[in-house]
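Visitor: Sequence:
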Amino acid sequence: MAYVQVITTLLFALALARIDPSTCQMLYGQVSCVDCTHNYDLSDIKVAVKCEAVEKLGVATTEDNGSFKVDLPSGHIKPSSVNCLAKLLGGPVQLYVSRKNQVSQIVKDKEQNSYTITPLSFMTSCPQNTNCKAAKQAGSSKTVDLPLPPEWGLAPSSYYVPFFPIIGIP
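One point on numbering: in the working numbering, the residue at position 132 of the sequence shown is 176, and numbering is uninterrupted.
Note that these hints are calculated values from the structure, not bench results.
A couple of the hints might just be wrong.
[Claimed, not checked] Derived DSBU-like pairs: lysine-lysine, alpha-carbon spacing no greater than 35 angstroms straight-line:
| id | residue 1 | residue 2 |
| --- | --- | --- |
| 1 | Lys94 | Lys113 |
| 2 | Lys144 | Lys90 |
| 3 | Lys113 | Lys131 |
| 4 | Lys154 | Lys90 |
| 5 | Lys144 | Lys113 |
| 6 | Lys100 | Lys154 |
| 7 | Lys94 | Lys154 |
| 8 | Lys154 | Lys131 |
| 9 | Lys90 | Lys152 |
| 10 | Lys144 | Lys100 |
| 11 | Lys131 | Lys144 |
| 12 | Lys154 | Lys144 |
| 13 | Lys131 | Lys94 |
| 14 | Lys100 | Lys90 |
| 15 | Lys113 | Lys90 |
| 16 | Lys131 | Lys100 |
| 17 | Lys100 | Lys152 |
| 18 | Lys94 | Lys144 |
| 19 | Lys152 | Lys113 |
| 20 | Lys154 | Lys113 |
| 21 | Lys113 | Lys100 |
| 22 | Lys152 | Lys94 |
| 23 | Lys131 | Lys152 |
| 24 | Lys90 | Lys131 |
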């Protein structure tokens with residue numbers, strides 16, 4: 045008799061485990077590298093998801109193979125009229141992305157409450173015949189340090205050597 049109750053309880057728990065009470069909409073996507081080697085680590089690349097008429101922004105971080113999943117930003121939108129875009133933001137190294145491959149439209153997937161995108165692609169090196177504007181490197185932060193005798197009790201000369209007083213202004 046107890047055996048029947050245990051099996052009934054297990055079947056009931058299994059039935060409840062299969063029910064997904066969540067009505068959130070999930071986006072599954074992937075980023076790809078055009079000029080990378082086969083075993084290139086595509087992790088830690090940020091992807092933003094923005095939906096029309098919703099103020100929130102969804103952000104996802106990619107896995108080792110470039111895949112990611114994120115809940116679509118929720119609001120007062122109907123699931124049938126989802127108009128969202130996914131945008132490649134950046135990663136741990138400099139990424140070079142063309143404008144057409146930086147943003148992708150989100151489309152309905154086969155599964156209920158799930159969406160997908162065309163892969164967002166990037167390059168790790170500047171494409172040929174392109175003027176890549178890399179950030180300007182900061183100049184040297186090395187200061188002039190004149191040797192001052194320690195018995196004078198002054199601060200290091202780098203604190204006041206770059207200062208040029210303006211003389212003649214009343």
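Visitor: None of the hints should be skipped; say for each whether it holds.
Guide: For each hint, the structure was consulted:
Distance check on the hinted pair: Lys94 and Lys113 sit about 14 angstroms apart at the alpha-carbon level, within 35 angstroms; holds. At roughly 17 angstroms between alpha-carbon atoms, Lys144 and Lys90 fall within 35 angstroms of each other, so this suggested pair holds. In summary, the hint linking Lys113 to Lys131 is supported, as the alpha carbons are separated by about 13 angstroms, within the 35 angstroms threshold. The straight-line distance between the Cα atoms of Lys154 and Lys90 is roughly 25 angstroms, inside the 35 angstroms bound, and the hint therefore holds.
For the proposed pair Lys144 and Lys113, the alpha carbon gap of about 21 angstroms is at most 35 angstroms, so the pair holds. Restraint check: the Cα-Cα separation between Lys100 and Lys154 comes to about 25 angstroms, which is no more than 35 angstroms; the hinted pair holds. A threshold of 35 angstroms between alpha carbons decides the hint, and for Lys94 with Lys154 the separation of about 21 angstroms falls inside it, so the pair holds. Distance hint between Lys154 and Lys131 is fulfilled; the C-alpha atoms sit about 22 angstroms from each other, no more than 35 angstroms.
Taking the CA atoms of Lys90 and Lys152, the gap is near 22 angstroms; set against the 35 angstroms cutoff, the hint holds. Simply put, Lys144 and Lys100 have alpha-carbon atoms about 24 angstroms apart, close enough for the 35 angstroms limit, and the pair holds. Proximity of Lys131 to Lys144 is assessed by CA-CA distance (about 10 angstroms); at most 35 angstroms being required, the pair is judged to hold. With a CA separation close to 25 angstroms, the supplied pair Lys154 and Lys144 stays within the 35 angstroms bound.
The hinted pair formed by Lys131 and Lys94 meets the criterion: a straight-line CA distance of about 8 angstroms does not exceed 35 angstroms. Of the supplied pair hints, the one linking Lys100 and Lys90 holds, its CA atoms being roughly 16 angstroms apart against a limit of 35 angstroms. Our distance criterion of 35 angstroms between C-alpha atoms is met by Lys113 and Lys90, whose separation comes to about 11 angstroms. About 14 angstroms separates the Cα atoms of Lys131 and Lys100, which keeps this hinted pair within 35 angstroms; it holds.
At most 35 angstroms may separate the alpha-carbon atoms for a hinted pair to count; Lys100 and Lys152 meet this at roughly 20 angstroms. A C-alpha spacing of about 17 angstroms is found between Lys94 and Lys144, which places the hinted pair at or below 35 angstroms, so the restraint holds. At roughly 14 angstroms between alpha-carbon atoms, Lys152 and Lys113 fall within 35 angstroms of each other, so this suggested pair holds. Proximity of Lys154 to Lys113 is assessed by CA-CA distance (about 16 angstroms); at most 35 angstroms being required, the pair is judged to hold.
Taken as a hint, the Lys113 and Lys100 pair is honoured in the structure, with Cα atoms around 16 angstroms apart against an allowance of 35 angstroms. Taking the CA atoms of Lys152 and Lys94, the gap is near 15 angstroms; set against the 35 angstroms cutoff, the hint holds. Only pairs whose Cα atoms come within 35 angstroms are accepted, and Lys131 paired with Lys152 is accepted, the gap being roughly 17 angstroms. Our distance criterion of 35 angstroms between C-alpha atoms is met by Lys90 and Lys131, whose separation comes to about 9 angstroms.
Checked against the numbered hints above, the structure violates none of them.
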